[in-house]
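Engineer: If you want the building blocks of each chain, they are given just below.
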Amino acid sequence: MLYKTRGTGVKVYNSYILVIASLLLPTTIILVILGVNTLDIYYTAYIMEALVATELYVYFNAKARRGLNLISAMLFGGFLLSIYLQAMKILT
Amino acid sequence: MLLNRNLYTWAGLGLLVAGILVSLAAYFIFLLTWLIALGIAMLILSFILLVLGRTIPKLPPEVGSLLLETGIDNISAIVEELGIKAKAVYLPSSLTSGRPQALIPLHSNPSLPVITSPLPRRLIVRYGANPDDIGLLVATTGTIAIDMLESRPGATSAGLESALTFLFMGVLGVADGTKVTSNENHISVEIRNPRIENHNAWSHHCLGGPLASVVASVAAEAWDKPVTISQEEYHRGKCSIKLEVLG
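Residue numbers (the working numbering), protein chains in the order written: chain A, 1 to 92; chain B, 1 to 247.
By construction, these hints were calculated from the structure, which means they are not laboratory data.
Don't take each hint at face value.
[As the list claims (entries may be wrong)] No farther apart than 27 Å at their CA atoms in a straight line, the calculated lysine-lysine pairs in the BS3-like style are these: (1) A:K11 x B:K242; (2) A:K63 x B:K58; (3) A:K63 x B:K179; (4) B:K87 x B:K238; (5) A:K11 x B:K58; (6) B:K179 x A:K11; (7) A:K11 x B:K238.
[To be verified] Stretch-level coverage of chain B by chain A, calculated; a stretch enters the list once three of its residues show a Cβ under 8 Å from a Cβ in chain A: (8) 36-42; (9) 50-58; (10) 166-175.
Every residue gets a Cβ at the ideal spot worked out from N, C-alpha and C, and that includes glycine.
Please put together the full structure from these sequences, using the hints given.
Structural biologist: Written as structure tokens, this is what we have:
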């Protein structure tokens, strides 16, 4: 063969997924050790980490970035909903 | 159709089902907040995997390699048959009436050709006033790769580095990053962990390898000037390419 390709062609995807997974799992362990028992805190930590990691991977192609932006928007929507529910709980 | 895609989609679907089951079991049966949170983390990962799975090209990499080799073999045959020893000049789209291409002079001149007006879109072109100023105008891997960029890169080291990293790392997945330095008419590009290996072929002497070809085309487009590959080296997981900007 004139050219020999090595490894997978989507190494950046694997790296991104590994970064996200290795952020979310230790966060859960740390929050469990700290005795956190509120789901909102877990969720807030998760989406903050996911959003920061997504922003750091600026070299994704346009299609991937569009899809990830949609997920970020969904996660942020969930975050706003949790804030709204908390506010309603305090007010009532 | 979705299931036939790839491992990302399968892993995403697996995590989606597992995440839903874990969350529901934790919420209704075990009453454990941390387990619900773990289920949510699995769901977030599954959404990401499903989205990324949709962006993987349907064409297998082997088909891409097949097409690349076929094209390079044909160019090599033409170059070898004509006994061309001159270095190719990578031209920006402004000098080729359309898209960036490589000009291979048929005769080795002591000085590199000076092209001031756009060349016609033909295989054999006359680029100067002398009778020997005839060359082959060919499309290279860089010609097609330029179309994958979202905008034309700026004529700076940072602009070129950003464009090349986006192409090699984000779009093509053939390297782990690039580093560009430029000094007057000389540009040095270092590609980290290139995953396309070069093997000696006749065409490499004039056109360079596929990665060097992409680098030269993008640099020519960024500087809007003809560019030649003066050096290309592979050493310890790095590919060093030196370019010369003409004109």
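Engineer: What hints, given by number in increasing order, does this structure fail?
Structural biologist: Of the numbered hints given earlier, the structure breaks none, since each of them holds.
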